[in-house]
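K.L.:
Here the protein sequences come in this chain order: A and B. Add 337 to a position in the first sequence, counting from 1, and you land on the number used in this note's numbering. Add 337 to a position in the second sequence, counting from 1, and you land on the number used in this note's numbering.
Quick caveat, the hints were computed from the structure, so don't treat them as lab data. Hints should not be assumed to be uniformly reliable.
No copy labels: a pair is met if it fits in one copy or bridges any two.
Straight-line alpha carbon distances no greater than 30 Å define the calculated DSS-like cross-link-like pairs of lysine-lysine that follow [as the list claims (entries may be wrong)]:
1. K543 / K619
2. K402 / K544
3. K619 / K420
4. K619 / K380
5. K399 / K369
6. K544 / K420
7. K627 / K433
8. K543 / K420
9. K380 / K543
10. K619 / K402
11. K402 / K543
12. K625 / K342
13. K607 / K433
Note that the coordinates shown come from a computational prediction; the quantities given were computed from them, not determined experimentally.
One-letter residues, chain by chain:
Protein chains: 2
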Amino acid sequence: MAQTKSFCIGIDLGGTNLKAALLDRTCRIIDKRVLSTASFRKKEHLIQAVAGSVDALLVTHKLTKNQVLGVGLGLPGPVDADKGIVHFFPNIPGWKEVDLGRILHRRLGIPVFLDNDANLMSLAEYTLGAARASRNAVCLTLGTGVGGGIIIEGRLYRGSGYAAGEIGHMPLNERGRSCNCGGSACLEAYVGNRRIMKEALAGFGKKISLEELSRLAGAGNSRAVRIWAQAGRRLGVVLSGVVNLLNPDIIVIGGGVANAGRVLFDAIRKTIAQRAMPVQVKSLRVAKAKLGNDAGLIGAAILVQQNSSPTRNLRRSFTQ
Amino acid sequence: MAQTKSFCIGIDLGGTNLKAALLDRTCRIIDKRVLSTASFRKKEHLIQAVAGSVDALLVTHKLTKNQVLGVGLGLPGPVDADKGIVHFFPNIPGWKEVDLGRILHRRLGIPVFLDNDANLMSLAEYTLGAARASRNAVCLTLGTGVGGGIIIEGRLYRGSGYAAGEIGHMPLNERGRSCNCGGSACLEAYVGNRRIMKEALAGFGKKISLEELSRLAGAGNSRAVRIWAQAGRRLGVVLSGVVNLLNPDIIVIGGGVANAGRVLFDAIRKTIAQRAMPVQVKSLRVAKAKLGNDAGLIGAAILVQQNSSPTRNLRRSFTQ
């Protein structure tokens with residue numbers, strides 16, 4: 338008897354962690370593992386760790402490869418999602434034009450699909466999260482880096498070189514401090530975690546975590562409120578440009594910093610309402626991401642399912 | 338015997354002119370008329386003038402309505418292209434939620450299709466002009482207003498409220514002078530015709546036309562070069578954000594100011610190369626629009642043909 342392929346494996350590779358999960362066909366996470374990537378300095382070791390995580394999930398759940406539809410990987414850099422090639426990782430050295438899809442497929446004997454992590458977060462929020470009711474969505478992840486993904490007319494838009502969605506590298510000003518990307522005055526240089534930590538250090542005279550800064554703002558501490566309100570205003574300025582350009586029906590904001598909550602979101606919404614054009618603002622919602630840290634894993638499973646059955650309406654079939 | 342519908346009529350309505358043209362099925366202009374819109378203060382008069390232009394073209398060329406596939410209109414404001422409704426015109430008072438498609442269809446007895454003028458320029462440049470070889474294109478028109486249109490995966494992208502493409506209203510700076518649109522520090526406030534004329538006045542101590550300013554820059558006049566280079570740099574800053582966000586394969590720039598030529602384009606290209614991300618820049622061309630002032634009329638005819646035969650690959654069928 339042929340076994341049905343009832344499972345997907347999702348992998349979310351970040352600069353510090355490797356997350357691996359077993360998901361069912363409705364993209365619910367059944368089991369999740371987290372490994373530190375610090376010990377995998379060499380490319381081969383990292384590939385080995387990814388493959389090992391897949392094997393470990395199969396063994397634990399007594400699954401054969403035939404029961405797995407595919408492995409989806411979210412990666413921290415530009416990826417040719419059609420050919421399964423990693424162009425490079427900005428924060429992990431040693432990766433350049435790596436044919437990772439084929440390497441892993443050979444090693445695992447299971448179909449493998451790759452995409453950029455922010456794209457997969459967007460795909461997840463669009464299919465099962467905050468952007469479910471939308472057609473055109475812009476998703477943003479706030480962290481050390483400020484990443485993004487774009488859904489156009491119900492499809493993930495990757496751009497001509499698989500590098501679309503870099504909202505963090507849109508300029509906030511004509512001139513400004515240089516950015517890691519090679520540009521200058523990029524949004525990320527103003528609202529990335531590092532900058533906010535610096536402002537907290539300056540404002541409080543001591544090192545303070547982002548969690549603590551969020552808690553303080555929630556409790557009404559005026560210095561903390563000011564830092565988050567400024568970050569929100571700056572995000573709002575760049576997003577008002579994105580809104581005028583793309584006229585989306587929703588902007589979804591996720592990532593650790595999004596937990597700063599109401600102060601941040603109020604400032605973003607207020608700035609967009611002031612700066613973007615009325616027609617665009619009328620049809621816009623700004624919402625917090627719903628899937629949290631699991632968005633990348635869920636998006637990886639959705640990627641597998643989309644590639645395995647391209648005509649399937651995932652949003653409809655996932656409706657619970 | 339049934340007559341074949343071999344012709345389209347294109348209308349390009351601007352703040353100052355109403356252009357009307359008869360086009361053949363390859364979207365070549367057979368005849369073109371230009372009327373000043375200054376005398377049509379009332380909405381009804383303007384509608385009458387549009388209908389009258391269509392009638393006049395039919396009479397002159399001894400055509401019956403049955404020989405015309407449809408009438409396409411390019412309009413200076415946000416338009417619901419699916420329902421044929423004008424939301425409003427920023428620069429022509431008295432238009433609000435006007436069911437123009439139906440009004441004209443009743444009056445003319447010919448199918449009528451509407452869209453924003455920058456969208457039709459983009460459609461024309463994508464189908465028959467500078468963006469022919471591309472899949473993802475951003476088109477820009479430089480004039481009193483700075484408009485834009487977006488082609489995503491070979492289709493015109495209109496946005497959730499039919500208002501996408503407003504590149505002129507993306508912010509160049511966090512703070513800056515207020516703009517007609519209600520926002521502030523918008524690109525248009527820095528590189529629109531009015532601002533460039535002001536800079537020319539300040540630089541030369543007398544009123545100077547944009548044509549003259551372009552001619553002077555071409556002849557190497559340093560003051561003129563400086564004005565255009567600054568406009569190009571500012572366009573380049575905002576476009577580097579667009580490039581990082583959308584990763585298009587081409588940016589097409591048209592409109593009167595684009596005639597400033599090499600100085601302007603060099604500054605735009607140089608700034609994008611400096612500010613945008615290397616992966617995005619690698620797959621990008623910046624090109625001058627090819628269809629000039631007729632782009633709107635040609636785009637209007639393409640709109641008619643797309644709506645009349647949605648599955649037809651216009652680019653392929655138009656290849657000469």
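K.L.:
With reference to the structure, classify each hint as holding or not holding.
P.N.:
Verification of the supplied hints:
1. K543 / K619: neither (42 Å within a copy, 43 Å between copies)
2. K402 / K544: neither (48 Å within a copy, 76 Å between copies)
3. K619 / K420: between (39 Å within a copy, 18 Å between copies)
4. K619 / K380: For K619 and K380, only the inter-copy Cα distance (25 Å) is at most 30 Å; the intra-copy one is 48 Å.
5. K399 / K369: within (15 Å within a copy, 74 Å between copies)
6. K544 / K420: neither (44 Å within a copy, 57 Å between copies)
7. K627 / K433: neither (33 Å within a copy, 38 Å between copies)
8. K543 / K420: Answer is neither; intra-copy 48 Å and inter-copy 59 Å both fail.
9. K380 / K543: neither (38 Å within a copy, 64 Å between copies)
10. K619 / K402: Neither. Shortest intra-copy (49 Å) and inter-copy (39 Å) distances fail the 30 Å Cα cut-off.
11. K402 / K543: neither (52 Å within a copy, 78 Å between copies)
12. K625 / K342: neither (33 Å within a copy, 52 Å between copies)
13. K607 / K433: between (42 Å within a copy, 26 Å between copies)
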